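Now for the letters of each chain:
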Amino acid sequence: MTLSKRGMAIIAPVVSIAIFILLWGLVSLNVSADFLPSPLAVLKEGIRLFHAKISGTSLIGHIGWSLSRVLIAFGLAIVLGLPIGLYMGWSRVFEKIVSPIFEVLRPIPPIAWIPIAILWLGVAEGSKIFICFVGAFVIMILNAYTGMRYVDPLLIDAAKSFGATRTQQFINVAIPACMPSIFAGVQNALSMSWMCVLAAEMVGARQGVGFIIIQGMDLNKPSMILVGMVIIGIVGSLLAAALRWIERLLCPWRRELV
Amino acid sequence: MLTGNLKEYSESREVKVSVKNLTKCYGDLLVLNDINFDIYKGEMLCIVGPTGCGKTTFLNCLSRFIPITNGSILVDGEPADPKIHNIAFVFQEVSAIPWLTVEDNIRFGLRIKRLPEDEIETRVEKMLDIVGLRKYRTYFPQQLSASMEQRVVIARNFAINPDLLLMDEPYGQLDVKLRYYLEDELMRIWKELGSTVAFITHNIEEAVYLAERILILSPKPCTIREEVIVDLPRPRRYDDPEFVKIRDYVTERIKWW
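Residue numbers (the working numbering), protein chains in the order written: chain A, 15 to 272; chain B, 706 to 962.
A portion of the hints provided could be inaccurate.
As the list claims (entries may be wrong) - Below are the SDA-like pairs computed for lysine to any residue, each with C-alpha atoms no more than 25 Å apart in a straight line: (1) B:Lys788 <-> A:Gln182; (2) B:Lys746 <-> A:Gly177; (3) B:Lys788 <-> A:Val165.
Hint data in this document are derived by calculation from the structure and do not stem from the laboratory. On a predicted model such as this, the values are computed, not experimentally measured, just so you know.
Construct the entire structure; sequences and hints are all you get.
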């Protein structure tokens, strides 16, 4: 039973991706290669790009650039967003002061920040990191905030009945209780940040995966565009998988549930 | 007839908790009306009352979760304060902490009270034996059955050697078989540790089974209608004629219709 379950866990995604590539291949047979290149063409292009340099940077280098922007922004979003969000959920006064601001900021897509970010920080690294940061920051705050709001009051009461101080209630009960929603926030923030970096790199960048896509467009090479898109997908899902792994380490009590 | 030995009962015992003129209003709504009673040291006190009579408010006042409007609650002659006194609380819903293992759940209250580590370990080992969860010490609450989970909570609360253990219908959500089992277990732990327990329930049979003394509350605004001493030998039997007599008497007195 466990073996077949484990087998399923490996086979199912392989099969579904194989079917997807197969369908893509079938469609590409019936249209021109300029409209949709075949999976094989994209793979070949990927191998070619892997060995060549694109504007002086290798493919791995471009991925590295994007990743470093994302990770800096993501780190800043956690360091700043997490405490603000948690405190917003904990303190009614702070919530009343701060939450209206984020209610207004939330619906603004991070991409809408691109022009103002470039105006403020120029076209260099600063504006790209800023855009990724904005996306991740708002998500981080809202998830930490909601998680804190929905901490089971029974657990807080249990701590209170032992005479726990407000600080002890916060550290020993509230924070661990909202770990799952913090992690959901971290997951979303990271994928949002990864989406934003590509948008940011499409505007005036010389490195990064977003730049590869723009370069593909400028060179009129759809297979290069698709290589960029496939890389985005793969890296994004690897990042998510890494976070899930960390979550399992940090929240062992949830292991039985998921 | 049943309350005749009340005076003798109270004289033979030492007062642990003293509730004087306890009154609680929510705005204009008077919920608790001038309640006076004592809880004796090492006593098993059951409190029964009709639904909505203010039982939970009453307990929340005792545990000092909510401010009282008037009156005083003294533990060993001092005003009750969760930071000084050990007042433990078993809630209606099972409140085991999901991210802590069985043993860490038992440690939880002891850590909050900042007891020395070696004392914590001694008590954890003792409680694991008392509730019979030694084998499951590294399990998380979700991996346990409902009754085992409630035992974790009970162990966590008994571990702090409570001056007063408040139990708010702790077995209300469990099925009959588990309830009987946990009632017996509670009796055993209570005898072994000599704790003072105030057990709130709407189940009269449960109250008669457990209690040395039963407080019957009146409908809102809540006052104490009557105190009943239950001096049946233990283990008690539900079909014992004396048991049935007391049960019927309490049922008669509790009626609010």
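A quick look at each hint next to the structure:
1. B:Lys788 <-> A:Gln182: holds (12 Å)
2. B:Lys746 <-> A:Gly177: holds (21 Å)
3. B:Lys788 <-> A:Val165: holds (23 Å)
Consistency note: the structure conflicts with none of the earlier hints.
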